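Just so you know, the sequences run in chain order A and B.
Using the working numbering, the letters of the first sequence correspond one by one to residues 1 to 439.
Using the working numbering, the letters of the second sequence correspond one by one to residues 1 to 255.
One thing to keep in mind: the hints can contain errors.
[What the hints assert, rightly or not] Example chain B residues on the side facing chain A (calculated, C-beta under 7 Å, incomplete): (1) Ala-48; (2) Leu-68; (3) Arg-77; (4) Gly-92; (5) Val-93; (6) Ser-94; (7) Glu-105; (8) Ala-108; (9) Gly-111; (10) Ile-183; (11) Ala-186.
No lab work stands behind these hints, which were simulated from the structure alone.
Remember, it's a predicted structure, so these values are computed and weren't measured experimentally.
By construction, the Cβ of each residue, glycine as well, lies at the ideal position given by its N, Cα and C atoms.
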Amino acid sequence: MTTTTSNNISFAETLPALFTAQFGNAGWPGRKAALDRFQALGGIPTVKTEDWKYTNVVPYFKNGLSIALPATPSITAAQLEATGLLLPDTYRLVLVNGVLQQPLSILPPAAQVTVSKMSEAAALPAYTQYFNNSKKLEEHHFAQLNTALFNDGLFIEVKTKAQVEQPIHIIHLYHNNGNLLVNPRHLWVANEGSYAQLIESAAAFDLEGTVLVNSVTEAVVAERAQLSHYQLQTGGSKLRFINQTMVEQLGKSLYNNYTFTLSESDLVRNNLNISLDAERTETHLYGFYIASGSQLVDNHSSVDHRMPHCESNELYRGVMMDKATGVFNGKIYVHEDAQKTNAFQQNNNLVISPQANIYTKPQLEIFADDVKCSHGTTIGQVSEDALFYLKARGIGDAEARNMLVKAFAFDVTAQVKIPAVRKQVEQIASRYLSVATNN
Amino acid sequence: MLNIKNLHAAVEGNAILKGINLNVKAGEVHAIMGPNGSGKSSLASVLAGREAYEVTEGSVDFDGKDLLDMSPEVRAREGLFLAFQYPVEIPGVSNINFLKTAVNEIRAYHGQPPMQAKAFLDMLKSKQKLMEFDANLMNRSLNEGFSGGEKKRNDVFQMAMLEPKLAIMDETDSGLDIDALRIVSAGVNKLRGKDNAFIIITHYQRLLEYIVPDFVHVLYNGRIVKSGTKELALELEEKGYDWLKEDIRLEEPVQ
Chain A
1 MTTTTSNNIS
11 FAETLPALFT
21 AQFGNAGWPG
31 RKAALDRFQA
41 LGGIPTVKTE
51 DWKYTNVVPY
61 FKNGLSIALP
71 ATPSITAAQL
81 EATGLLLPDT
91 YRLVLVNGVL
101 QQPLSILPPA
111 AQVTVSKMSE
121 AAALPAYTQY
131 FNNSKKLEEH
141 HFAQLNTALF
151 NDGLFIEVKT
161 KAQVEQPIHI
171 IHLYHNNGNL
181 LVNPRHLWVA
191 NEGSYAQLIE
201 SAAAFDLEGT
211 VLVNSVTEAV
221 VAERAQLSHY
231 QLQTGGSKLR
241 FINQTMVEQL
251 GKSLYNNYTF
261 TLSESDLVRN
271 NLNISLDAER
281 TETHLYGFYI
291 ASGSQLVDNH
301 SSVDHRMPHC
311 ESNELYRGVM
321 MDKATGVFNG
331 KIYVHEDAQK
341 TNAFQQNNNL
351 VISPQANIYT
361 KPQLEIFADD
371 VKCSHGTTIG
381 QVSEDALFYL
391 KARGIGDAEA
401 RNMLVKAFAF
411 DVTAQVKIPA
421 VRKQVEQIAS
431 RYLSVATNN
Chain B
1 MLNIKNLHAA
11 VEGNAILKGI
21 NLNVKAGEVH
31 AIMGPNGSGK
41 SSLASVLAGR
51 EAYEVTEGSV
61 DFDGKDLLDM
71 SPEVRAREGL
81 FLAFQYPVEI
91 PGVSNINFLK
101 TAVNEIRAYH
111 GQPPMQAKAF
121 LDMLKSKQKL
131 MEFDANLMNR
141 SLNEGFSGGE
151 KKRNDVFQMA
161 MLEPKLAIMD
171 ETDSGLDIDA
181 LRIVSAGVNK
191 LRGKDNAFII
201 ITHYQRLLEY
211 IVPDFVHVLY
221 NGRIVKSGTK
231 ELALELEEKG
241 YDWLKEDIRL
251 EEPVQ
């Protein structure tokens with residue numbers, strides 16, 4: 001049975017009925033608890049909620065959203081290829097509306113990595129230990145909504161000391177007829193001393209209507225493990241994203257996150273939360289976002305330095321065109337015990353249209369007394385001197401501006417360690433820019 | 001090639017150029033000298049098309065076309081080149097991609113197809129050799145972290161690649177040590193020919209020992225107040241500019 005919200009009634013009002021229709025009162029009690037928590041937080045946040053001040057999501061919950069997944073369409077290899085997202089020399093995990101499709105996937109060796117649907121992982125020890133365990137989950141409206149409503153997702157466990165040299169490419173396809181709210185729920189565990197690289201991409205598949213993706217990914221990076229996580233936010237205008245990524249790092253671990261928003265989506269909101277729960281961890285967060293038209297791209301991040309001798313480094317750059325809006329909010333908390341912390345954060349924005357907006361707020365809260373921290377933000381235009389230099393060599397205005405925007409992104413894109421990913425990111429960004437600047 | 005008539009220009013309403021007349025023919029090298037603030041660099045900027053400068057009067061004819069009517073990139077494609085007093089650092093734009101883009105945009109303007117990769121690299125190599133330009137600098141970001149001398153040499157190297165009809169060198173000698181000055185000058189001398197022309201803007205006579213001009217002009221207070229041959233530069237070196245200022249003051253009408 002499919003239940004949808006009507007156009008005139010708020011999602012929050014119909015949610016209990018939707019929930020009961022979908023999940024009944026049986027099953028995992030955590031769902032109901034999360035639903036109650038979501039309602040207690042006030043339901044869908046409005047712009048009166050501090051963390052959502054510039055990002056009005058209310059309209060996206062009005063147009064007859066269904067929470068029931070449609071039947072999975074059959075997808076051929078050629079159709080998968082046609083997404084243009086495939087990367088060479090990678091393992092491949094294909095998900096449709098958050099559900100793993102084994103036949104389309106190329107799994108990493110089972111000796112190194114356990115891959116499962118979340119719906120089939122509940123008995124695994126790592127699931128029991130880490131699922132729904134992340135600090136701060138309960139502060140986030142949409143994380144609670146996800147916990148209440150999630151259907152399925154991807155469980156990945158990289159085994160102790162496994163060195164997975166070939167990247168694992170996770171392709172999220174979203175399909176529906178009508179407007180869907182989908183709540184993928186993932187849990188990724190990198191066990192002690194392991195090494196892995198995960199790449200996420202997204203595309204719409206045979207989509208009539210829109211899909212609002214409200215995902216939660218919990219990731220645990222255990223002692224001395226190294227995990228690189230690329231979020232390539234692609235996909236057409238019919239996909240909207242609210243992402244929660246909750247990362248917990250243990251001693252001497254390394255986590256690299258690359259969040260590149262290169263989609264035509266109306267709405268992208270990323271909540272990236274890193275919890276440094278043991279000593280001598282290292283964290284790098286790189287972001288690049290472009291927005292044009294009336295798009296809204298919002299990156300909220302928080303890094304919690306709870307223990308001594310940890311290092312975090314965050315660099316986000318964005319380009320705002322047309323009437324687009326960008327939001328950056330980066331919080332760094334250095335807790336009382338986190339002596340000898342090194343924490344750096346930088347957000348730079350190019351605003352290249354008089355109608356575009358950027359709201360940026362770097363926040364640093366330090367409760368320890370022996371730390372090195374810095375944060376900074378800039379908002380500017382393309383340098384007129386640089387533009388003139390390029391033009392004085394015969395390069396036309398549009399091409400010169402493209403070159404300068406790419407150069408601006410370069411400090412971030414140069415950090416991408418997988419050449420095929422870097423190439424794809426540059427191609428998508430180039431295509432995006434040439435379409436946007438020719439409008 | 002270049003015919004400047006009664007050129008007046010202003011920045012933010014302040015008159016900077018107050019009636020420049022200058023005629024440059026193919027094969028000629030003109031030096032423009034003058035004290036600080038006389039308008040030398042402003043003249044270069046106006047000719048290259050910098051937006052901040054507003055032309056209030058006069059005309060500039062470049063090979064039969066109205067130069068002032070062209071955007072900066074069209075001026076460049078028509079064969080005008082400005083060697084910058086302060087070449088800009090652009091991190092993230094590689095030298096080699098920048099040059100390839102410039103070469104191909106100029107070719108497209110003249111209805112020519114883009115250069116093949118091999119032909120481009122061959123040209124790059126031969127010009128590197130000609131200009132004594134360090135190949136290691138090619139793969140770096142445009143001017144990023146270059147020394148003052150390396151930036152100027154990069155500009156002259158770009159000039160060799162783009163083969164302009166008219167090159168304007170805006171205080172190319174400032175910030176150069178003797179060795180760099182020698183190399184830059186040697187590069188310019190190799191590019192001199194009967195079909196192209198140079199306007200060399202400089203404070204000092206020193207550069208003109210290396211690049212020997214056909215004509216020397218003194219710019220003062222937005223106008224060319226004296227023109228002569230290379231001997232004029234020597235006279236300026238010896239006597240400074242003050243004697244000229246005196247002469248001009250005598251000629252100025254009493255306010």
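Going down the list of hints, with the structure as the test:
no., hint, result
1, Ala-48, "holds, 5 Å"
2, Leu-68, "violated, 15 Å"
3, Arg-77, "holds, 5 Å"
4, Gly-92, "holds, 3 Å"
5, Val-93, "holds, 5 Å"
6, Ser-94, "violated, 9 Å"
7, Glu-105, "holds, 5 Å"
8, Ala-108, "violated, 9 Å"
9, Gly-111, "violated, 14 Å"
10, Ile-183, "violated, 21 Å"
11, Ala-186, "violated, 22 Å"
Comparing the model with each earlier hint shows violations of hints 2, 6, 8, 9, 10 and 11; every other hint is respected.
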